[in-house]
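Sequences listed follow chains A and B, in order.
Counting from 1, position 47 in the first sequence corresponds to residue 46 in numbering that gives the first Met the number 0; the numbering is continuous, with no gaps.
Counting from 1, position 219 in the second sequence corresponds to residue 218 in numbering that gives the first Met the number 0; the numbering is continuous, with no gaps.
Worth flagging that the hints you see were computed from the coordinates, not collected in a lab.
Warning: the hint list may mix true and false statements.
With a Cα cut of at most 25 angstroms, we get these calculated DMTMM-like pairs of lysine to aspartate or glutamate [said to hold, decoys possible]:
#1 K109(B) x E129(B)
#2 K116(A) x E14(B)
#3 K60(B) x E5(B)
#4 K17(B) x D4(B)
#5 K60(B) x E216(B)
#6 K172(B) x E27(B)
#7 K232(B) x D209(B)
#8 K48(A) x E50(B)
#9 K199(B) x D209(B)
#10 K68(B) x D115(A)
#11 K2(B) x D115(A)
#12 K91(B) x D115(A)
#13 K106(B) x E120(A)
#14 K91(B) x E120(A)
#15 K116(A) x D4(B)
Take a look, some chain A residues computed to stay more than 10 angstroms from chain B by CB distance [claimed, not checked]:
#16 P9
#17 L125
#18 V150
#19 S155
#20 Y176
#21 F185
#22 F191
We put the CB at the ideal spot given by N, CA and C, even for glycine.
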Amino acid sequence: MNLEFDRIMPSLPYILEGIPITLKVVAVAAVIGFVLGILLSILKISRIKPLNWIADFYTSIFRGTPLVLQLMLIYFGSPQILGIQIEAFEAAFLAFGLNSAAYISEIIRGGILAVDKGQREAALALGVPYSGMMLNIILPQAIKNILPSLVNELISLTKESAVVTIIGLGDIMRRSYIVGGETYKFFEPILFAGLIYYVMVMILTILGKVIERRMRRSD
Amino acid sequence: MIKIDELKKNYGKLEVLKGISTEIAQGEVLAIIGPSGSGKSTFLRCINMLETPTDGQIWFKDQLITEKKTNIMKVRQNVGMVFQHFHLFPHKTVLENLTYAPMKVKKLSKAEAVRQARELLTKVGLSDKESSYPNRLSGGQKQRVAIARALAMNPEVMLFDEPTSALDPEMVKEVLEVMKSLAHTGMTMLIVTHEMGFAKEVADRVLFLDEGLLVEESAPTEFFSNPKSQRAKDFLEKVL
Ligand SMILES: Nc1ncnc2c1ncn2[C@@H]1O[C@H](COP(=O)(O)OP(=O)(O)O)[C@@H](O)[C@H]1O
Ligand SMILES: [Mg+2]
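With the rest of the complex left out, here is chain A (with noise of 0.2 angstroms):
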């Protein structure tokens, strides 16, 4: 096997430059499934079934087919839709976020369920309100006990981000596969973008460590 790294040398400050773009989209889609994440897990415990299927209905529909479909018909069928054509970041927005939501709000479910029934009537008993009890009671005690889940689906967000490369976006990706066709060489940039997003990881891995370390104080 013979690398030619020299190569491709000159182009590796053009790779990197990719890193804030995938860094973005990562972020807005990961508050947008955040967010919208904890919105769908509490339709999905309440007591009002049409609101449990509202919220099923939902998540089937996004595990229910591939992403890179998600991003592709949200992209290329805005101009149906909403009758104007959405730029490439915020097609990656919306279809990492709205995704994500669907896998984070299976996960803070689980996460709400398994905090102690008798949090929720001790607070209740105290006179404070449904959302002050959610808020403040119940979902600072689910999350820190999924928190090990949503680190693990903020790394796939990560890594599935790349799909973002077939609507244009000048991610590490995008920016990799270009240089192979520039220099007829993909097998290094393509390392090269590999080894980005495994250091990627790695950080999110130990900030998740770090983080859950914190948590656990109260333990």
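Guided by the hints, dock chain B with the ligands onto chain A, whose structure is given.
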């Protein structure tokens, strides 16, 4: 202060409370005793509407709280509850456990809530624990914090559901002492308990529940020395 009329509670086909009526005066201390599964917890939990009664009425200070339009959150602010398993908020310190509801619900300022919380912690003998997390406390300490947390809302009634049943024997006394001194302040208290000695000493009245019915209701001296019903006699024979 509290009037209960023909209170019934079913879980599906299971009739847990079969029509219970009684009245509780301000400052009264009630001991609620009876065999396991007789409906004591359910009875207590109906009073702050943690369980919705199937039938019957409950008045709290002339307000019919079993009515649909009653703001049950408002009522709960005046009814403190202490659970067998404490249910302290594990992610909050002792002090935060006490200040959370007064700040959130009663909109007390933080300074005021903290001042009041510290006062209560002193009363239950735990002022040195304010920045500990609940998992660092013994069972007896947890239950004293739970009592202080309920008192922080300044309730007019306190409900206790077997507050010492989950405790190691050597910790029962410290919790009963706190409850005793609370009784002396004139707090209205409903206590589900298996501590017969405590009931005899502190209660003004004993309610004996069996199979969802209020079988007997009398002063403790009377109840313990001279129970009227056969069921109460059988029960006392077993526990005393
Ligand atoms: N949420 C519930 N669903 C179904 N049955 C219940 C529920 N809570 C209590 N019960 C039943 O009601 C009966 C009385 O329970 P409880 O009030 O807890 O009795 P006690 O406190 O006197 O031991 C028991 O038979 C119990 O199994
Ligand atoms: Mg009970």
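Quick rundown of the hints versus the structure:
1. Of the pairs offered as hints, the one joining K109(B) and E129(B) holds, with about 15 angstroms between alpha carbons and a cut-off of 25 angstroms not exceeded.
2. With a C-alpha separation of about 23 angstroms, the suggested pair K116(A) and E14(B) falls inside the 25 angstroms cut-off, and the hint holds.
3. At roughly 18 angstroms between alpha-carbon atoms, K60(B) and E5(B) fall within 25 angstroms of each other, so this suggested pair holds.
4. For a cut-off of 25 angstroms, the pair hint linking K17(B) to D4(B) stands: about 11 angstroms separates their Cα positions.
5. For the proposed pair K60(B) and E216(B), the alpha carbon gap of about 22 angstroms is at most 25 angstroms, so the pair holds.
6. With a C-alpha separation of about 22 angstroms, the suggested pair K172(B) and E27(B) falls inside the 25 angstroms cut-off, and the hint holds.
7. At most 25 angstroms may separate the alpha-carbon atoms for a hinted pair to count; K232(B) and D209(B) meet this at roughly 12 angstroms.
8. Distance check on the hinted pair: K48(A) and E50(B) sit about 20 angstroms apart at the alpha-carbon level, within 25 angstroms; holds.
9. For the hint pairing K199(B) with D209(B), the CA-to-CA distance comes to about 19 angstroms; that is within 25 angstroms, so the pair holds.
10. A C-alpha spacing of about 29 angstroms is found between K68(B) and D115(A), which places the hinted pair above 25 angstroms, so the restraint is violated.
11. Taken as a hint, the K2(B) and D115(A) pair is broken in the structure, with Cα atoms around 32 angstroms apart against an allowance of 25 angstroms.
12. Between K91(B) and D115(A), the direct Cα distance comes to roughly 15 angstroms. Compliance with the 25 angstroms bound is thereby established for this hinted pair.
13. At most 25 angstroms may separate the alpha-carbon atoms for a hinted pair to count; K106(B) and E120(A) meet this at roughly 21 angstroms.
14. A threshold of 25 angstroms between alpha carbons decides the hint, and for K91(B) with E120(A) the separation of about 16 angstroms falls inside it, so the pair holds.
15. Restraint check: the Cα-Cα separation between K116(A) and D4(B) comes to about 29 angstroms, which exceeds 25 angstroms; the hinted pair is violated.
16. At roughly 52 angstroms from the closest C-beta of chain B, the C-beta of P9(A) stays outside 10 angstroms, upholding its exclusion from the interface.
17. Remark: the non-interface label on L125(A) conflicts with the geometry, its nearest Cβ contact in chain B lying 4 angstroms away (cut-off 10 angstroms).
18. Remark: the non-interface label on V150(A) is consistent with the geometry, its nearest Cβ contact in chain B lying 19 angstroms away (cut-off 10 angstroms).
19. The Cβ of S155(A) sits about 27 angstroms from the closest Cβ of chain B, beyond the 10 angstroms cut-off, so the non-interface label holds.
20. Once the 10 angstroms rule is applied to beta carbons, Y176(A) is consistent with being away from chain B; the minimum gap is 46 angstroms.
21. A cut-off of 10 angstroms between C-beta atoms confirms that F185(A) is not in contact with chain B; the least separation is 50 angstroms.
22. F191(A), annotated as away from the interface, keeps every beta carbon of chain B farther than 10 angstroms; the closest lies near 43 angstroms.
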